[in-house]
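Asker: Protein chains in written order, with our numbering: chain A, 1 to 323; chain B, 1001 to 1298; chain C, 2001 to 2289.
Honestly, the hints are just simulated from the structure, not real lab data.
Quick reminder that beta carbons are idealized off the backbone N, C-alpha and C, glycines included.
Be aware that one or more of the hints could be misleading.
Here chain B is said to cover these stretches of chain A; the calculated rule only asks that three of the stretch's residues, wherever they fall, bring their Cβ under 8 Å from a Cβ of chain B [said to hold, decoys possible]: (1) 120–130; (2) 219–230; (3) 234–241; (4) 286–293; (5) 297–303.
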Amino acid sequence: MALTFFGLLLVTFLIGRVVPVDPVLAAIGDRASHDTYEQVRREMGLDLPLWQQFASYVLQVLKGELGKSVLTANTVVDDIKRVFPATMELATTATLFGVAFGVPMGVVAAVNQGRWPDQIVRLLGLFGYSMPVFWLGLMGLLLFYGILDIAAAPGRVDFANLDVVETWSGLILLDSALQGEWEVFFDALHHLILPAAVLGYLSLAYISRMTRSFMLEQLRQEYVTTARVKGLSEARVIWRHALGNVMVPLITVIALSYANLLEGSVLTETVFAWPGLGQYLTASLLAADMNAVLGATIVVGAIFIGINLLSDLLYRLVDPRAK
Amino acid sequence: MTQLRAWLTADTPVSRNHARAIQAYLSWRALASNPLTMIGLLIVVALVVFATLAPMLAPQSPVAQDLTQRFIAPGTQYLFGTDEFGRDILSRILYGARVTLYIVVLVAVTAAPVGLLVGTVSGYFGGWVDAALMRITDIFLAFPRLILALAFVSALGPGIENAVLAIALTAWPPYARIARAETLTIRTSDFIAAARLQGASGFRIVVGHVVPLCSSSLIVRVTLDMAGVILTAAGLGFLGLGAQPPLAEWGAMVSSGRRYLLDYWWVATIPGLAIFVVSLGFNLLGDGLRDVLDPKSS
Amino acid sequence: MSQPLLSVEGLEVRFHTPKGIVEAVRGIGFEVGREKLGIVGESGSGKTMTGRSVLRLIRPPGEVRAKRMVFDGNDLEAIDEVAMREIRGRRIAMVMQDPKFSLNPVMKVGDQIAEAYLVHRKVGAEQARKRTLDMLAAVKIRDPARVYDLYPHEVSGGMGQRVMMAMMLIPEPDLLIADEPTSALDVTVSMQVLAILDDLVTQRGMGLMFISHDLNLVASFCDRVIIMYAGRIVETCKASELKQAKHPYTQGLLASLPRIDRPVGELSVLSRDPAWRDGPVVVDGKMVG
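Could you put the whole structure together from the sequences, leaning on the hints where they help?
Answerer: In structure tokens:
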């Protein structure tokens, strides 16, 4: 785990060094004198051997310093703290959507293997794997916002509601509910639905496929026969006995799905003007703000690693055999 | 014709090549029995054909602007309509197929051999070689693919070659894992021991024996991955980091059409549909290949 | 024998596979009363399918047909699924081969047993727990309260089979089907488990269908024996009269068993006569057909 994080830092460090832009020039402009150049270069530590630079880089990151954003002039850490909750709100809602629909769909598909419910679920899943998420988002906007006018415009809340709620957690739904600002709450919900559904569809595709696969495997096991022999209803056999065993590996799948959604959110946030980490990353990219880009990459990578760890832990908790 | 068929369905092969031919024919029959797989194959073949013959098939040059013909809806004159610069979208789609094919082939050709090599060497030699290589693989696997590709492209600068490099750099780890897993199962087999007793060097064993046996599961994985590669490449293009204008790239086309989505829906919708269909084709084909070549992995 | 519990006639089980129809059971008939009936056969003889078809556990692509399959007045083929579920567990139960696989890995064993009770009796959880502990004691498990909270992977093979028996006997069924109940156990453990099974079945006056490939075991444990081969019953006889078996297959099986009191230079190997597949069978001590 620590080694992977270390590797992550190494890769981002190297990426930073590969940039064809001279960081000294970027800092002082190209009209400074030679002496100033040398001075700044020494200050930035760029005259030290590479491994020493890397060591100090690692120390910096571990201390929580990710540098300053050229674009916003804030520290990258502050920027990320500001934008991250939006992404988390989106990813969490999308995952809930994916689980709430994906798991039952997978179960139904497995129980009806070969028949039309199975075919439909598999087809839906296949479409989800093949669809570019940004295109799906656009099509969603076109249909539900442009034509049917039931979805909200891109963005997190209406312009009028922008600063009504104080930022406590950064999760607008939570903050507005806690502060009793119900109009903002429902507005935020209205804006959340379409992007969450779009991302949620991707999550659903993955989760339903894995649920189906796990379920098929469990239905072949002897304990399922035992449950039937006891005289249990088929519903109980499936939803209590088989699904109980499916949940064990499924926890890992759900965690991975959450992590994958972080990736998908980069594109979805752009489409829906959602002010989250993804949009921050792309904006910084287009502005060649390397500190911000690398900082965000490190954060996302760290979250990925963290989620993997968490899913391992959860697996151990849920599977009695692993205790 | 029936003589050929009889030869291909014979029970006992007369030569090594005959055996290979029989095997190939049986695999083909199994593949062809699945209609969805055939649709996937059709799509992939269509991609190759359209991409190769784009200059001949496209009614216009993909970069020819005609500002008097802006935003014409799809119809008889322009099959897919025109975009904000009056360019024929059909032609742009066809040339975009070239870009897509280019990316897919380059990524497959670079990432797969690298992954295969790393995996087989790692699995066969074991020890610290294995540990070191797998650490590196794990680090790359721990990364969200698009994010890492974004970071690379931001460092190297936008452009189609850099996009390919970035994607390939994130694509090889799964192949290394598969190759390694296969190698580990084969490594202790008797026929490998026999080859070693005959004096074959480690290198020769890896290349001559282990690699061919990994190839079927690898082919399946690569095909399925290509669907994801297309989506990642389109994503990069959408963000403006892939092929640069005026090169027709489907993701970039969706991005530029986005502004006019509500009024002129076809500019963004049709390129996205092309991405979807091609990705679907690779998925269908890959699924079918997996059922035939590597059923235990499903 | 007084009114039999289970009466089967003309039972056929076939499977529709892509490669054609596989006939697992090709028209057999037998009766089980409150006695221990052994069903012996090798793999592929159809003995397991026979057990499963009684409980209507065979699903498509399997197909079950019978001229007659009656349990205590219930036509097992005709009744609907709801009625069948009443019978499963409550009237007819089944113990399977390997507790490693036949117990739910993520549920405590005690809960699994209690569930078998609760499904057929509307009682409170406390009552069910008490009954479960009693049942665990009945299968000679010491410290039932501790075992109640264990998971299947935490119990040994012998204990697992006893848990399985507790689970199947707690609703007090009339007929128990035991499908290779000791095949996954060591010999000594197997003896213990069988002794407990014998006790319980006799005490409760139950009928037992004991399915096994082990002729010796079945002969010593059961009252009557049915020998199956290639989906048909080739011989039926009392366990005590097994030595006088008439069908060449049975005789071949008996001859190939090593005997400590009759050492031979070379064990005879059963050679299968293709005529046995459709040829005459032994009914009531006489070759018929």
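Asker: Looking back at the numbered hints, which does the structure fail to meet, lowest number first?
Answerer: Hints 2 and 3 not satisfied by this model.
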